[in-house]
Structures are given as structure tokens and as C-alpha cells.
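Line by line, the protein sequences give chains A and B.
Quick note on numbering: numbering that gives the first Met the number 0 labels position 58 of the first sequence as 57, and the sequence is numbered without any gaps.
Quick note on numbering: numbering that gives the first Met the number 0 labels position 200 of the second sequence as 199, and the sequence is numbered without any gaps.
Derived by calculation from the structure, the hints in this document are not laboratory data.
Among these hints, one or two may not hold up.
To be verified - Partner residues are not named here, just some residues of chain B that face chain A (Cβ under 10 Å, in silico):
#	residue
1	E4
2	L7
3	T10
4	K11
5	E12
6	G14
7	I15
8	V16
9	G28
10	G31
11	A32
12	L34
13	K71
14	A73
15	G266
16	R267
Beta carbons: idealized from backbone N, C-alpha and C, even for Gly.
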Amino acid sequence: MFADFTDKIKTTEDKQLLMDEINLVLKSLYQNTDMYNNVLQSTIRAWVRAAITQDLEVTPDKEKYFKSLLTELAKLEEFDIVIPMDLSQSGLERIFYWVKDNIGAGIVLDIKIDSKLIGGAIFMYRGKYIDLSMKKKFEELFGSVYSNLQPKTAQSVPASNI
Amino acid sequence: MNKFEDYLNVTKEIGIVEKISPSVIYVRGLPGAKLFELIMFESGENGQVFSLSRDYVEILLLKKAEIKIGTKVARTNETLKIPLGSFMLGKALDALGTVVGLEKGIKFSEYRVLDSAPPGINVRKNIDKPFETGVTIVDLVTPLGRGQRQLVIGDRKTNKTQFLLQNLYTQAASGTICIYAAIAKRKLDTAMIHNFLSNEKIKNNTILVASAPDDVPGLVFLTPYTAITIAEYFRDMGRDVLVVLDDMTAHAKYYREISLLAKRFPGRSSYPGDIFYIHAKIMERGGNFLLFKDLDISTKTKISPDQVKEVSITLLPVAEMVMGDFSGYIQTNLMAMTDGHIYFDREYFNQGRRPAINPFLSVTRVGRQAQTQLLRELSRVLTSFLVSHEKLRQYMHFGAELSEETQRTLSLGDKIQSLFDQPSNVTVPLNLSVILFAALWVGYWKEKGLSDLKNDLKRFSQKYMEGGSFKKGIDDIIEGSSTFEVLLDKLRKSQMDILQTISK
Numbered sequence: 000m001f002a003d004f005t006d007k008i009k010t011t012e013d014k015q016l017l018m019d020e021i022n023l024v025l026k027s028l029y030q031n032t033d034m035y036n037n038v039l040q041s042t043i044r045a046w047v048r049a050a051i052t053q054d055l056e057v058t059p060d061k062e063k064y065f066k067s068l069l070t071e072l073a074k075l076e077e078f079d080i081v082i083p084m085d086l087s088q089s090g091l092e093r094i095f096y097w098v099k100d101n102i103g104a105g106i107v108l109d110i111k112i113d114s115k116l117i118g119g120a121i122f123m124y125r126g127k128y129i130d131l132s133m134k135k136k137f138e139e140l141f142g143s144v145y146s147n148l149q150p151k152t153a154q155s156v157p158a159s160n161i
Numbered sequence: 000m001n002k003f004e005d006y007l008n009v010t011k012e013i014g015i016v017e018k019i020s021p022s023v024i025y026v027r028g029l030p031g032a033k034l035f036e037l038i039m040f041e042s043g044e045n046g047q048v049f050s051l052s053r054d055y056v057e058i059l060l061l062k063k064a065e066i067k068i069g070t071k072v073a074r075t076n077e078t079l080k081i082p083l084g085s086f087m088l089g090k091a092l093d094a095l096g097t098v099v100g101l102e103k104g105i106k107f108s109e110y111r112v113l114d115s116a117p118p119g120i121n122v123r124k125n126i127d128k129p130f131e132t133g134v135t136i137v138d139l140v141t142p143l144g145r146g147q148r149q150l151v152i153g154d155r156k157t158n159k160t161q162f163l164l165q166n167l168y169t170q171a172a173s174g175t176i177c178i179y180a181a182i183a184k185r186k187l188d189t190a191m192i193h194n195f196l197s198n199e200k201i202k203n204n205t206i207l208v209a210s211a212p213d214d215v216p217g218l219v220f221l222t223p224y225t226a227i228t229i230a231e232y233f234r235d236m237g238r239d240v241l242v243v244l245d246d247m248t249a250h251a252k253y254y255r256e257i258s259l260l261a262k263r264f265p266g267r268s269s270y271p272g273d274i275f276y277i278h279a280k281i282m283e284r285g286g287n288f289l290l291f292k293d294l295d296i297s298t299k300t301k302i303s304p305d306q307v308k309e310v311s312i313t314l315l316p317v318a319e320m321v322m323g324d325f326s327g328y329i330q331t332n333l334m335a336m337t338d339g340h341i342y343f344d345r346e347y348f349n350q351g352r353r354p355a356i357n358p359f360l361s362v363t364r365v366g367r368q369a370q371t372q373l374l375r376e377l378s379r380v381l382t383s384f385l386v387s388h389e390k391l392r393q394y395m396h397f398g399a400e401l402s403e404e405t406q407r408t409l410s411l412g413d414k415i416q417s418l419f420d421q422p423s424n425v426t427v428p429l430n431l432s433v434i435l436f437a438a439l440w441v442g443y444w445k446e447k448g449l450s451d452l453k454n455d456l457k458r459f460s461q462k463y464m465e466g467g468s469f470k471k472g473i474d475d476i477i478e479g480s481s482t483f484e485v486l487l488d489k490l491r492k493s494q495m496d497i498l499q500t501i502s503k
């Protein structure tokens, strides 16, 4: 029923913004009728307004509708991604649709920026953690190289090898 | 790469702190977390998985830490273990087994899990060896055996700790490993105990495990487990161990706090329903055991693995009462799961008796089977006399005229009471207690008053403690007496000699 909304939100910021808008509309229901119309017309985004208007033709009970929508939005699981730099809109959409195709619907991306990763990304979902960052790769590489670069002392070289 | 990230990469699981209470942290995530697994927070602090629910992993904090909501958490895939080795002897430890002031480069023999299952019946043996406390009234009236779990119960400030330290001194001086677990004790009291245990004579056989009242509840909760785990290590090394758990009522209170904060359903007096199980599991780890693999530490040679050795962990848990109320929940629980109790009576304490042990309300369920026939008969005679003496004392309140026989009984009872009066810094060897009572019973100081008697008893004890031929003579008399009557007979015959010796 709420596919119009869940399909359009991709990140936790989108989800939070939409939930704020729905909460505003819900509150206005308990004030006078004009307030509800004012909020609907002037405060929320056009696509949200269009989706609400369309759904309310089928479900006349406004309070029940908005509360159900909020419950549905709260159920959306978060897929955490840590990346070294900000994504473009197309990049964001590519990742979102990849996640949706591979894990399923009902997910939003929680994107955090950490330049120390250098490249790659860290993924966290339902308690699972995968670090595919360049930082980790370099640390593993240098960890093995460093021990070879250590200067050899007299004790470490057997006398027979000199 | 820091340790937290190491664990993240190895376990590939992460959790986020969602709710915080003073002792328990609620974490969402960590799908593979196991019960009692060690957890590391992003800031480096550790915790232990306390409980698993559908939505959260409940973690018990082990150190004071400022944990914020949103903090990341990693599993370590390890259970909480403490390092063990002979380096612990003479040292003070916290509940995580960290030694205060430990030098670097110390070798740990092994690591052990804190919460292990008690040994089964196939490795246990009947208690058949006596446990000398060094306190006359206990050794003669409510004797203990090695491997017994004897509750020490009484109101606060009735000298229970002094009694325990007397026990500790007697046992440590004879080679038993003694572990004192100070559970949520004030730092001043712990420092006093630590000073006592630092005595040169007993230092190398004692260990102090301590937690303070302001420590996190998780740490206080683990204190008796640490003490018992250390005891099991030394038991497996072939040594007898004494463990003092002071006190289990405080332990129950801290566990109640943790359980209520973790939203467990409260039972009687708001204690959690599994409090009996928690305490019983600790108590069952004490006892008399058969060690099938033997290691003799003193000679550092391995004895044949076929040899079976008897080793014991004697437990002295302490319970605090309120106004002499025997019917308290934790107190009755502990009385049910132990092999007897020694009751410190507030009335006796107020009358000036030290130790303030009430022999009529104290019980020993397995101590008598460890006694020799001589001691069993002595104990029977003494107990029976004490009962009749107590009845006569109550009869005196009516103000009736007393016969000579009654007066003699009352006088003897007072003299025996002065024998039981023992300063808290003095321990009395068992043989000395036996001979003094037997001498009193036979009538050595029949005509003497109480103050003269006390002087003579003091001289007798000093003469005995000097060692030498007097001590040897007394010990030989006791060794050579199979029954109480034989001992009394020998004492009658050597009365003049003994009295002359002590008056020199």
C-alpha cells in the first residue's frame, strides 16, 4: 500500500525527512480543518502530497492511514555504508538498487563519510560487518612488509652466514 | 590496527549500543554473540554477555566506563578467563584476576573460565579429615572437616571477620592455601585484611581477592567466582584450599541490582528467582575431592599418575543477619546449601564473650565424622554439660537456693566459658584446647577462682606454645589416648607433674 513512499526513499535522511513531514500532517489533523489543508498544500513536498491524496481516496480514515504509514516507515531496515567520499546521485542510486536487488526491499542506506578509508567501503547490516576498505588492505600489506624491512642485528644473523 | 578493529575483522559482526543502564548495556546487532562471551567496546572497555534476547544483547560492564548510545561493539569470540599461577600467592587481586603491583615478565601457568560446572560425584570423597580452626569453642563443640562448607552467620559487627582471620592463620601456617574473597568490602577493611595476610609466616600461602562497594556491580558479582577458580587451580596442583567468601548477602544484593536493572521478574524480597542456583553453584564447587593426577609442588617431582590423592576445598561463606533474624531469604538459602553454620550471637557479643559464638544454635553436619573417637566423646560430654549448665543458669533467675552440686556445676561452667574466651589475635592449637578442657574436667583447678584460673591457663598455653618437651609430652598423652576416659585417667595420674611444670 505504501510502495509509492518506500520506493522513493533511499537513505536514512530521506526516511527521516518523510517521517517528519507525515508527523506534521498527523498533528495538523488534531487542529482545525484549515490547518490540515494548509500543511498539506504548503509545507510538504509535491510528490508526498500527491501520494497522500491518491491513497486517501481509497482509505478515508486519515489518522489510521498516517499512523500505519509511520509504522511502515519505522520498519525500514538500515544498511550502513562507510565510504571515503561523498557519492553523486547516480552513484547513490546504483548502490541502492544493487542492495535492493541482492538483499530485498524495505531497506534504506545509512551513509557515513570517513576519509581515512582512502577507498573502498565498510558495510554493516543486521549486525554483520565487512571491511572492504583500502585502509585495511594497506594495513595488511604494510604489516607483512614492515617486518621484512626491519634492520637485521648481529644477533639475528648466524655467524656461519657472514 | 587497534584491537577493536582486529576483533571486528575477525568476527565480522558489529553491534551498536541502544540503551544504557548503570550496570547493563543493551546492544543491537552481534547476531552470533554467545552467553558469557567477552565483548569489546569501541573505546576499549570490556563487558560480558549477560543475556540474549530477540532484539538485544545484554552486556554486563566489568569496569567503570562512560559508554554512550551509538558506541560500536565487537565480539571477541572468547569467554572471560583469568590467568593463574603460583605468582598469585601473597598478592591482592581484583575480581578479574589482575594482580595489584604485578612485576612484568611473570609467567602464567594457565587460564581458566570463571564459571565452570561443579565436579561430579565420581571425583568426590566423604569428609574424613579434621579442619583445625584455632578457635577452641569451634574445635571442641562444632568441629569442622576438610572440604566442609560451613556458613558463618551473625549480625554486623559481631567479630565474624576476626574469627575468619583466626581460621586463615591456623590453616595457612600448616600449609593450606587460603583465599580471602572480600566482596564489596570497604577499602579500609580490605586494607586491614591485606595487612594481616602480609604476615611473614603466612604470606606465601594466602591470596586476597577484593572488590569495593563502589566497583561496578558486574565486578562485585564475579568476585566469588574468581576466588573459587583460583581455589580449583591449587586443588588440581594437589594442595588443600580454604576459601572465605565475605560476604554472600552483599553478593546477593549486587546480583539483585543487576537483575532488576536487566528487567528480570523479581521474586521474594525482589531477589531474582535464580539466586539460590547462583549461590548453590558456587558452594558445590567446594568439597573433598579425589585427585587422579598428582603434582607435588614442594618437591617439584611428578608422582605417578596412577596415584589418587585426596584434596579439599573448604568453604567458609559469610552471611549477615539483621537483628538476629534467622528467617531471612538469603540466610535460609545459604543455611540450606551448606554443611552447617556457626552463629555469632549479638547477645553474647554484648555480654563481652569473644568469640560471640552460640554453641546451641551452631550446627555442624559433617564435622564429627572427621573427628577421632577421643574428640567425639569429648565433644559429646562437653555439649551435654553446656546444655545442662545453661538450664541451671536459667533456673538461677528464680532466686532459689542452690545445692552444692549445682554450685559446682555452675562454677565449672564458668571456668569452661573462660577457656572459650579467646582474644581475636590468638589461635589455639587443637591439642592444647583438648588438654585444657580435659584438665578442667578432671578438676585441676577445682579450688581456684576465675582470675587465678585465667592466669594458670595462660601459663599453660605459653608453656605449650614454647614447644620442647612439655609440648611433646602433652601431644604424646593425647596421641596415646584412644578414648576420653583414657585421657582423663592419664591426666589424673600426671596432675602434680603438669601443675608443677606450669607454675615454674
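Does the interface hint hold: is B/G31 within less than 10 Å of chain A, judged Cβ to Cβ? Given a least distance of 8 Å, the restraint on B/G31 holds.
Let's test the interface hint: is any C-beta of chain A closer than 10 Å to that of B/K11? 5 Å, holds
Interface hint for B/K71, Cβ within 10 Å of any Cβ on chain A: 9 Å, holds
Take the shortest C-beta to C-beta distance between B/L34 and chain A; is it under 10 Å? 16 Å, violated
A closest beta-carbon separation below 10 Å is what the hint needs, so does B/R267 meet it against chain A? 37 Å, violated
Restraint outcome when B/L7 is required to lie within 10 Å of chain A by C-beta distance: Constraint on B/L7 satisfied, holds at 5 Å.
Can you verify the interface hint for B/E12: is its Cβ closer than 10 Å to any Cβ in chain A? Check passed: Cβ of B/E12 comes within 5 Å of chain A, closer than 10 Å.
Tell me if the interface restraint on B/A73 is satisfied: Cβ within less than 10 Å of some Cβ in chain A. 8 Å, holds
Under 10 Å is the threshold here; is the Cβ of B/A32 close enough to any Cβ of chain A for the hint to stand? 9 Å, holds
Given hint B/G266 near chain A, where the shortest CB pair must fall under 10 Å: At about 33 Å, which exceeds the 10 Å cut-off, the nearest Cβ of chain A leaves the hint on B/G266 violated.
Cut-off 10 Å, beta-carbon criterion: hint that B/I15 touches chain A: The hint holds - B/I15 has a Cβ within 10 Å of chain A, the shortest such distance being about 9 Å.
Does B/G28 hold up as a contact with chain A if the rule is Cβ-Cβ below 10 Å? 3 Å, holds
Checked against the numbered hints listed earlier, the structure breaks hints 8, 12, 15 and 16; every other hint is satisfied.
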